[in-house]
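**Q** Chains as they are written, first to last, in this note's numbering: chain V, 1 to 251; chain F, 252 to 536.
Please keep in mind that the hints were generated in silico from the structure rather than gathered at the bench.
For every residue, glycine included, the Cβ atom is placed at its ideal position computed from N, Cα and C.
There's no promise every hint is true.
Pairwise CB distance ranges, derived in the manner of DEER restraints [stated by the list, open to error]:
#	chain 1	residue 1	chain 2	residue 2	range
1	V	S130	F	V305	48 to 58 Å
2	F	S295	V	E143	47 to 57 Å
3	V	S242	F	Q515	35 to 45 Å
4	V	G168	F	L347	23 to 33 Å
5	V	V133	F	E346	50 to 60 Å
6	F	D412	V	D211	37 to 47 Å
7	F	G426	V	S60	25 to 35 Å
Mimicking DSBU-like on lysine-lysine, the simulated pairs with C-alpha atoms at most 30 Å apart in a straight line are [to be verified]:
#	chain 1	residue 1	chain 2	residue 2
8	V	K180	F	K383
9	F	K409	F	K349
10	F	K417	V	K180
11	F	K470	F	K526
12	V	K180	F	K303
13	F	K417	F	K315
14	V	K225	F	K509
15	F	K526	V	K180
16	V	K180	F	K476
17	V	K180	F	K509
18	F	K471	V	K21
19	V	K137	F	K471
20	V	K180	F	K408
21	F	K409	V	K180
22	V	K137	F	K476
23	F	K307	V	K180
24	F	K470	V	K21
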Amino acid sequence: MSTANKTVLLAGTSSLYPELKQLLESDSYRVVSLEQLDEYKHEVRLALEVNNLDLAKKKSTIKQMDTLLPANIPILTSSLAITTTEVASWTEYPERVCGFGTFVPLVERALFEVAPALQSAPSIIEQASSFFVSFGKEVEIVEDEVGLVFPRILSLIINEAVFAVMEGTATPEDIDIAMKKGTNYPYGPLEWGDRIGLDEVFSVIRGLHRDLAEERYRPAPLLRKLVLAGRVGVRSGRGFYSYEKQEVYQP
Amino acid sequence: MTHAQVGIIGAGTMGADIALVCARQGHRVLLLDMNQAVLEKAQSYVGSMLAKDVNKGRITERQKEETYERIFPIADMQKLHVCDIVIEAVPERLELKKSVFSSLAEICREDTLLLTNTSSISITEIAGGIKKPERIVGFHFFNPAPVMPLIEIIRGKKSSDENIEKVYQFAKELGKTPVLVNDTPGFIVNRVARPYYNEALRIIGDQGAGIEQIDTIMKKAGGFKMGPFELQDMIGIDVNFATTESVYTNFFHEGRFKPSRIQQRMVQAGSLGRKSGEGFYEYSE
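Next up, chain F with everything else stripped away, as it sits in the complex (with noise of 0.2 Å):
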């Protein structure tokens, strides 16, 4: 799937970066974005991304135009009928997803594998009553995509195992490191680091240990990079929240992985961390 030509859906933080990683590797990117601000910002995030290659000596300035005119921003989704595979980063939101892909279904091939980059909703519920399911497959990115390497490639209740291998082809050659998962709340990340925050909240609820001696624990005794109250503000608690939320219904309240009533208060109050200026802890400018 060498220059493939690749749709993505939505040209916010994610979509912009899943772009750039698909043209550095040589894709025809068409990006589609009903909004014409998002999508000139997207370009120019490209455009300074690339600049910066440039100046590390990593690309020429020719590289640097021939990937950057790889992009091509479009406003009307009829057409990616042409692509061989459409990733989908729309907000989180199901009907959202359901209608986007809906379309799709209609207008592209049928061996154009429909990819959604969730981080929190079913593949399979994505992809339920869709026409020809089978090629529908989550595709996760982390974020930074253009960083972190790894990608979650969901296998829905449908997806057949011939898209699987070639999703994950698509992501060995996007110079990413694929995980085959199938569709569970959370997926694996979201679901395994759970206890890191939920875990940590819960002791300093029954006043076991303070905030600031729990990520010095973690980090002196465990070699974590940052401790879970840390990571939270990084994060931004509401995200933290939101996703912690969703892996508890989905897993229909099972008790490991109930919300904490301190993180909620956190949400209520605005103290998101390093966003709102204070989380956690404090930040000064």
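Bound-form chain V, shown alone (with noise of 0.2 Å):
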């Protein structure tokens, strides 16, 4: 593959953009920012687009992706807050939509989920996948509903442990033990929400409560909180923990 069609639009607010860049880089892949898509508009070969939390953001940035991008560039959104379906009902060209959903930190990731939306055409369906794989993630094809398999079961795992620090049930720090010594969780689920940035996890419950409507989804509102307050982890410098940021020595 030549610069030219390795050349990727990536724009977005989410954690998810300072990594996927890196990523993409490092596998020498050229990435524009929307800002930079005139000088590279005939470049680009594939948009990637990553806001969760503003959804108001992230309408007017696939509308641009859209309408400045030629009709047959593929536009992969993360679906983690809001369907794929209704990201492409956004579009003109919504054919070349197409969802996928993954949490930071991305180096942990084997897999990625891709999520079609309904007005998805195979190509593009085909033409994500592999672009995922080729920078060395597994693809997993699913169904488009709000934060996909992985995010959505992992998210509502945080919210209770949210609900349980919440009520007074437990420390944060002894919710995470327990999770990791009771029943082997890889991280325990209030660390785990300050990883990957309470604000991306509130997005997807949002999302769930807000498409299906279940008081199953309803957010913890100390997550709510957190997160308007700022709080959304190792990102900010406090979550559920606080992490002082390190001073980094400048001559």
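Put the two chains together into one complex, using the hints given.
**A** Below you can see the structure in the form of structure tokens.
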């Protein structure tokens, strides 16, 4: 592949952004931003959109991509908070939209989920899959529903742990220890939430609650408040735990 | 509380395992069961586990004998009056547990710690109406108790701070990792793990993904050791369903805990997982 057909457009504010950018660049992709699109418009072979919390921003980003890119260029959207079918419905060329889902840190994810919209063209699904496979991830194709499989199940485990903290059932530390030692979870749910970003977790649960309208998807009020207060975990220095930001020596 | 006298009520799988854990740490264990055959089975189980310890070079033959002889099988509850700690491990039926604690409250000293290994019944409810309820504390081992490091220490409404502290130290002396929990349905683990099973069932019900596919995703994308369906097959689908029902009932039917009708059908059909030869997967002999 020449550099030209390894050019991808990446846009969005999710914590997926920096990691996807790094992953792509280390696989010699050229990653361009929406602002650079004018310059590279004819070289971009695929677009990735990662906004999860701010759906208005998601909509405007997707619409921009749809307007500015030629109609045959795939748009892959992170369908954590909203179905791909709904995202595709915002576009003029919905057949080129396909969803995917994962959480950071991407280095720990051997597998990404791909969820086609009802409108997705079969060729786009194939392109999406082989794109993720190209940088070493396995792919499972699942039905288009908010949060797909892994982000949905994990977010609900974290949500339940937050309810337990909120109600004073146990401390975050004890809840995390219990889940690791009692059932062999790779991380305690609250430290896991802090690593993923509580905003990302909240966006999945809020999306499920909005779309499926059932009590079982009610976000824990404490989770909502932490997100509103900007205490989203490791990234912000504070979530369920405190993360002292190390001062970096600058010569 | 080094080398305490520990009473254990019920010599089934859990009771025998707890006896082993306590005896290994040097405690004298009074293992009570009304059924002589169950007691004998528990003793031979403990013997075989200790023999394995010898084979693996963990202990000497002499240490094996000493540990084995620290467990005294008994059939008379009155003999528990000497105990510093009593751990109840009888089947999960409220009335049975209440009657055990009601007898213990009469038999034991007032400073004897009375622990229940329940996984699903409220400690407050077990302690309700029992004399000196401040000494009753939840002490939830995970299966298999000799292997799993966790113990949930559950504070009933009337458990005292002082007794919670003593129980906490006792768990540490057993070489376990204790966590403190207020008395809420499912405590920590059985509650927080609910969505792992329930949501996976929900997704297959909605045809969002397949059984094997979900197991694969949770392992490869999530780093879980087992997928939710493999795990249900291992735990027993009936056991898993009963836990969900208990948490659901005790949270007064909050929608988050609603059991799955798919799981219910599996139980009704006797497809219980590994132990019945088929569950979400098939198991040949």
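**Q** If a hint holds in the structure, say so; if it doesn't, say that too.
**A** Consistency of the hints with the structure:
no.: 1; hint: V/S130 with F/V305: 48 to 58 Å; verdict: 57 Å, holds
no.: 2; hint: F/S295 with V/E143: 47 to 57 Å; verdict: 52 Å, holds
no.: 3; hint: V/S242 with F/Q515: 35 to 45 Å; verdict: 44 Å, holds
no.: 4; hint: V/G168 with F/L347: 23 to 33 Å; verdict: 30 Å, holds
no.: 5; hint: V/V133 with F/E346: 50 to 60 Å; verdict: 58 Å, holds
no.: 6; hint: F/D412 with V/D211: 37 to 47 Å; verdict: 46 Å, holds
no.: 7; hint: F/G426 with V/S60: 25 to 35 Å; verdict: 57 Å, violated
no.: 8; hint: V/K180 with F/K383; verdict: 34 Å, violated
no.: 9; hint: F/K409 with F/K349; verdict: 15 Å, holds
no.: 10; hint: F/K417 with V/K180; verdict: 24 Å, holds
no.: 11; hint: F/K470 with F/K526; verdict: 23 Å, holds
no.: 12; hint: V/K180 with F/K303; verdict: 27 Å, holds
no.: 13; hint: F/K417 with F/K315; verdict: 28 Å, holds
no.: 14; hint: V/K225 with F/K509; verdict: 26 Å, holds
no.: 15; hint: F/K526 with V/K180; verdict: 25 Å, holds
no.: 16; hint: V/K180 with F/K476; verdict: 11 Å, holds
no.: 17; hint: V/K180 with F/K509; verdict: 24 Å, holds
no.: 18; hint: F/K471 with V/K21; verdict: 22 Å, holds
no.: 19; hint: V/K137 with F/K471; verdict: 10 Å, holds
no.: 20; hint: V/K180 with F/K408; verdict: 27 Å, holds
no.: 21; hint: F/K409 with V/K180; verdict: 29 Å, holds
no.: 22; hint: V/K137 with F/K476; verdict: 19 Å, holds
no.: 23; hint: F/K307 with V/K180; verdict: 27 Å, holds
no.: 24; hint: F/K470 with V/K21; verdict: 25 Å, holds
Consistency note: the structure conflicts with the earlier hints numbered 7 and 8.
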